[in-house]
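2 protein chains.
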Amino acid sequence: MMLVCPGCAQPRLLQAHVTTGQCPTMSRPQTPEQVLDNSRDYPPCKTDEDVGEGIQCSHRMLSFSDALLSIIATVMILPVTHTKISPEQQFDKSIQKLLATRIAVYLMTFLIVTVAWAAHTRLFQVVGKIDDTLALLNLACMMTITFLPYTFSLMVTFPDVPLGIFLFCMCVIAIGAVQALIVGYAFHFPHLLSPQIRCSAHGTRYWRHILCLVLQGPALCLAAAIFSLFFIPVSYLLMAMVVFLPYVSKAVGWCKDRLVGHVEPPAHQVEFFTFDLHEPLSKERVEAFSDGVYAIVATLLILDICEDNVPDPKDVTERFGGSLVAALGASGPRFLAYFGSFATVGLLWFAHHSLFLHVRKATRAMGLLNTLALAFVGGLPLAYQQTSAFARQPHDELERVRVSCAIIFLASIFQFAVWTSALLQPVDTLQPAVRFGGAEHALMFAKLALYPCASLVAFVATCLLGGFSTAIFHAMQVATPFAFLLLRLLLRLALAVLRGLQGLAWPVPPAPGPTGEPDMQSGLLSAPC
Amino acid sequence: MMLVCPGCAQPRLLQAHVTTGQCPTMSRPQTPEQVLDNSRDYPPCKTDEDVGEGIQCSHRMLSFSDALLSIIATVMILPVTHTKISPEQQFDKSIQKLLATRIAVYLMTFLIVTVAWAAHTRLFQVVGKIDDTLALLNLACMMTITFLPYTFSLMVTFPDVPLGIFLFCMCVIAIGAVQALIVGYAFHFPHLLSPQIRCSAHGTRYWRHILCLVLQGPALCLAAAIFSLFFIPVSYLLMAMVVFLPYVSKAVGWCKDRLVGHVEPPAHQVEFFTFDLHEPLSKERVEAFSDGVYAIVATLLILDICEDNVPDPKDVTERFGGSLVAALGASGPRFLAYFGSFATVGLLWFAHHSLFLHVRKATRAMGLLNTLALAFVGGLPLAYQQTSAFARQPHDELERVRVSCAIIFLASIFQFAVWTSALLQPVDTLQPAVRFGGAEHALMFAKLALYPCASLVAFVATCLLGGFSTAIFHAMQVATPFAFLLLRLLLRLALAVLRGLQGLAWPVPPAPGPTGEPDMQSGLLSAPC
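Protein chains in written order, with UniProt numbering: chain A, 1 to 529; chain B, 1 to 529.
The hints are simulated quantities; they were obtained by calculation from the structure and are not laboratory data. Treat the hints with care, since some could be wrong.
[Stated by the list, open to error] If we take Cβ atoms under 8 Å as the criterion, some of the chain A residues that face chain B in the derived model are:
| # | residue |
| --- | --- |
| 1 | A135 |
| 2 | F158 |
| 3 | Y294 |
| 4 | F445 |
| 5 | L485 |
Glycine included, each C-beta is placed from N, C-alpha and C at the ideal position.
Between the sequences and the hints, there should be enough to build the whole structure, so can you do that?
What follows is the structure in structure tokens.
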């Protein structure tokens, strides 16, 4: 059954062989777009083969890396949620400043780790299979990445001390070095490369290009580390470039395309730059990373509850007269808030899950919007902590409810934006079944619009009825899950009502009955104009 | 291309059709073993199909559930690692008792959540596809499970108060109720069932059997909840049955088989009970759950470090004279310990990954051993915390190093046991390529034996050289990763030495050279006997 390709001595089961029927090395080389299109997903796995030579499918290692990276991305929300506000203290300027700094640190860390994750995704689109050495190198890479949040928060805490910047840059350089090692190793043993690149005639060019991609961030950081000794602002500028350059250049390119019209770049250039800029992210890895973030955010809350909210036996005897029910009742609002928060995270995951069922591949814009949505999802424990603090500090309730509504709104509106962005290029991004609108489109739209609308309504309601803000917020959190359950029903109802209204406004001419005469009943209902 | 089966109006791409060439409903029904064998893995996914009707592949939902469950399983290690021991306090009896209780709570929680996870796995081997309602029901199920650790620790903190037991039982009952709802819903819309069960002629029998399986734990817990009002010990007994009954009955069955000889039970019984007792766990889900545990354990440490170990600017000015280097140096041992701990978790994951590359399916015994291995892996943050406490409390160093060695030893020896257990039934459990021994077997053996040996050597060394215990432990942690990298080389060297020694002991007769004459060179090396 195993057909071997005469061109590259590879089994003909590979995508490139199946789709084109020819080996790329034998016939004309595939365009880089095709190459990337084929290497977009997790590499195909054959369980038995290759095990003998120690070569393994990279699927499980990538899932594990995704899980690690998603946890690391969300870790800096902990200092935010654990910010101590003593009961006497007002929600005043100094606390607000501290919180704002920590939130900024969290968001930046999230972006930085996401950039590292995207680089990792790109790297393992090139490296298709792994062996023991690569698995160990990947573990080393992961360990270096776990230090990123720490060095970053060190940098922010001591913005004027070169050491913080220096350590952060060293961390990025170490990641780059390990990734360069991985690239070098994989190109030294070409059977580890993804089949499309292995079969390509431009092996060395790819190699140089990928190495350049992997090392451009570390090179900028090296410059930043050197500048940190003389003139710190330049360092910050260089580091900002590492994070934002890909997006800025993409945006500039897009604007130029719109203004000047699309100019086909020379073939040589295409090969070099499409790899970076137009490459779609692997849908599977976007899903795995998002799942990790949702899972850790949903459970960060129960981690806290399990540790802090089991009442102390001595405390129960002294404060509550031995009544466990009373002791648990005292932390009742915390459980209510946990329920609301888990439901929100869970349902946002559900909307994300529904969304990605329809998606075929994720463009870079969708990746960025998804990252922003996830970053705000990571802020949900903050919303939870704000809500559960009600029980202790009744004042400032209004502001806290509003912050929570705003976080939920932002998290859900960016998810909505992912869908909108996918609709701009339906042929590239959507599954064929959902490209042409219809009921599934309407349902998807309703699912994604539910949370933005609910949080917006809650926000407006708190403005009108300030005194009931907590009650409104909790009602919103409890009602939304039921709205999801009844969504299909509600949608059908809404469409029927809409059609009914439409029918009243522009009545259709009576359809001829089976006997050829006008249908009297519908004729009676819709008055002739 | 789409062939539709005339028997069950399902696409003929399904496993059952492909392997037998016939629809089970048309021909003789498959044996339950075959059914289970086929439904063992994640259901096959076709991306486009079914999207229109709202029916979805369950793959991503299951990964998300696995991620959530693995985090919930490991959560109770936090109270253990965060046990406050003030610097003046000796590692005395009261602390030891507190720690022992918390460790017991952690281990029991881990087992309970694993039982819930196994039930979830079994349930979604029956339910092959999902729709929106099922996804939402599954989220509800997950949320109920997140309360298990909390109610369990409440129960342990107040062993004599019925409320703790009552809440725990209510939690189990709620999980059972949601799962029963899922079963009912799936059997009401049979297109959601796994194809083997949908095509089976014994639909209602399966339905009753699965419902019975799902509800037996909750039924026992209901009894326990009622007994908690009269006589608490009976409640504990009933709850212990929920966790241990499947394993005990399996062990009893195995012993009976050995003693009496295997008696083929009547066909009616097989169908009812094999589902429960002999069913192999889905390999993919075992991997996903294990990955989740490894990922969360590896990062629990960095969560702590990121939150607690960023020095306070005021502190740096006052205590370290403004020198950030000195301040970071003070928490240096923590970083060293983190490095060691991450390396240990990462390499244990690596060994697990290598092990499961060779595994085709996991028996129940392997599942149990894997759970135990994971439970001790979850204990590694404890080992870390013990190690990082050295810097502050130099006394009791010896005991702490020994505890760490013991945890690492237990985690790795149970992993080794998984492999041994797989070797007992190689035809069922291993990939065909590795069933017959050889170099890959030796390498696997070496990989799995590395950590047990290293921790044992470190333990013995601390007994002999008590004064250098910390140095020994750190040396072990740093040396093991390099040993993994050089493992293939070392193994080849060891085999060569072994062969050399064997050659000296029983020299082989000289092989005839290409010319037919005895090969003089090898003849010179191996003296004639």
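Here is how each hint holds up against the structure:
1. The closest approach between the C-beta of A135(A) and any C-beta of chain B is roughly 6 Å, which is under the 8 Å cut-off, so the hint is satisfied.
2. A hinted interface residue such as F158(A) counts as satisfied when its beta carbon comes closer than 8 Å to some beta carbon of chain B; here the least separation is about 6 Å, so the hint holds.
3. Nearest Cβ of chain B to the Cβ of Y294(A): about 7 Å, under the 8 Å cut. The hint holds.
4. Given the 8 Å rule on beta carbons, the hint for F445(A) is violated: about 15 Å separates it from the nearest Cβ of chain B.
5. Given the 8 Å rule on beta carbons, the hint for L485(A) holds: about 6 Å separates it from the nearest Cβ of chain B.
Of the hints listed earlier, the one the structure fails to meet is number 4.
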